[in-house]
Amino acid sequence: MEIVWVDRRDGSDRFYLAFPRCLSREQVFIRAKVTPGSYAGRLVERLYRNIFEMSLELKRDYNLYYQLEYDTFYRYLRRRLLLSKDEAAIIAPCFEISAAIIEYKPRHYFLRDDPGRALLEKLLTDEEAE
Amino acid sequence: MKIRAGFVSNSSSTSFLIIAKDDFTPEALRRLMGVDESSPLADMFDELFSSFMGAVRTELDMSKIAIDADIKLYVSEQRRDLSSHMIDRLNAERGRNVTAYLGRLDSETSPVQTFFCTDSFEEENDQVYINGLECAW
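Those sequence lines, one after another, are chains A and B.
Take the first sequence: its letters are residues 1 to 130, numbered as in our numbering.
Take the second sequence: its letters are residues 1 to 137, numbered as in our numbering.
FYI, nobody ran anything at the bench for these hints, they're computed from the structure.
Be careful, since some hints might not be right.
[Claimed, not checked] Listing some non-contacts, in silico: residues in chain A with all C-beta distances to chain B over 10 angstroms: (1) S24; (2) R25; (3) N50; (4) E57; (5) R60; (6) L64; (7) Y65; (8) R78; (9) A99.
[Unchecked claim] Here are the in silico distance ranges between beta carbons for each label pair: (10) B:E37 x A:S24: 20 to 30 angstroms; (11) A:R25 x B:F121: 14 to 24 angstroms; (12) A:T125 x B:T25: 25 to 35 angstroms; (13) A:E53 x B:G54: 28 to 38 angstroms.
[To be verified] If you want the footprint, here are the derived chain A segments under chain B, 3+ residues with CB under 8 angstroms: (14) 100–112; (15) 115–123.
In this text the structure is predicted, and so the values were computed from the model without any measurement.
C-beta atoms are modelled at their ideal positions from N, C-alpha and C, and glycine is treated no differently.
With these hints in hand, go ahead and build the complete structure from the sequences.
As structure tokens, this is what we get:
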């Protein structure tokens, strides 16, 4: 899984998460090692829903709506999402090898900075698919 | 209409009440919150534990408080931070062999503490009760 953290310092901070294959809710819960129904269980449930159900999936968005307008995924990332060259250069190669590329705008403050990125990696890396 | 030019602070705090039968430990907090020791989230809850303990302003040995005592006399410094729900809970614990911790988390410290300042929660098991409902975000 590739994670790109875009920190704009203007309220539009976001992660770009490229998954070799989509994770189920059960897989995330197993990785999280939390008790279903507990505070932590509800927190992971919210996190899962925010990432996999409520966030924009870029491959689908590009294929359905933007590939006529932008001839490459890289140009879509640069012009539609206004990513920098460096950011787009990391994400664009994931297009062919990823099942999903998700733009996740974190609502949980603890996901900021390096510890947040490390937590996401531990929760969401699918070792069998890597 | 007033127009403010410049930076606007949006800091926040959350008052909390913890009641523990035995020692309040990181393990007790993880158990209450449903986090396994090897969970990727364990570090976050250990940091929350440290935040709680660093923010305790009042610690009460409830076994030394008579069951008909006015609990407000024991929490006078924090009276304004406590909801009637918290006061009711403290009253119910008078004379029991438990320890109550009262304090306030601050959103201007770490991302973890900031998150818990923005979340409202009330959790209880047979060892620990935590009230973090008084979120002023």
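Now for the hints, and whether the structure bears them out:
1. S24: Label holds. Min Cβ-Cβ 17 angstroms, cutoff 10 angstroms.
2. R25: 16 angstroms, holds
3. N50: 13 angstroms, holds
4. E57: 24 angstroms, holds
5. R60: 28 angstroms, holds
6. L64: Holds, because the least Cβ-Cβ distance between L64 of chain A and chain B comes to about 33 angstroms, which exceeds 10 angstroms.
7. Y65: 34 angstroms, holds
8. R78: For R78 of chain A, whose nearest Cβ neighbour in chain B is about 30 angstroms away, the distance exceeds 10 angstroms, so it holds.
9. A99: 22 angstroms, holds
10. B:E37 x A:S24: 20 to 30 angstroms: 24 angstroms, holds
11. A:R25 x B:F121: 14 to 24 angstroms: 22 angstroms, holds
12. A:T125 x B:T25: 25 to 35 angstroms: For T125 of chain A and T25 of chain B the Cβ distance comes to about 30 angstroms; the hint holds.
13. A:E53 x B:G54: 28 to 38 angstroms: 36 angstroms, holds
14. 100–112: Three-residue rule met by the region 100–112 of chain A, so holds; n is 5.
15. 115–123: holds (count 5)
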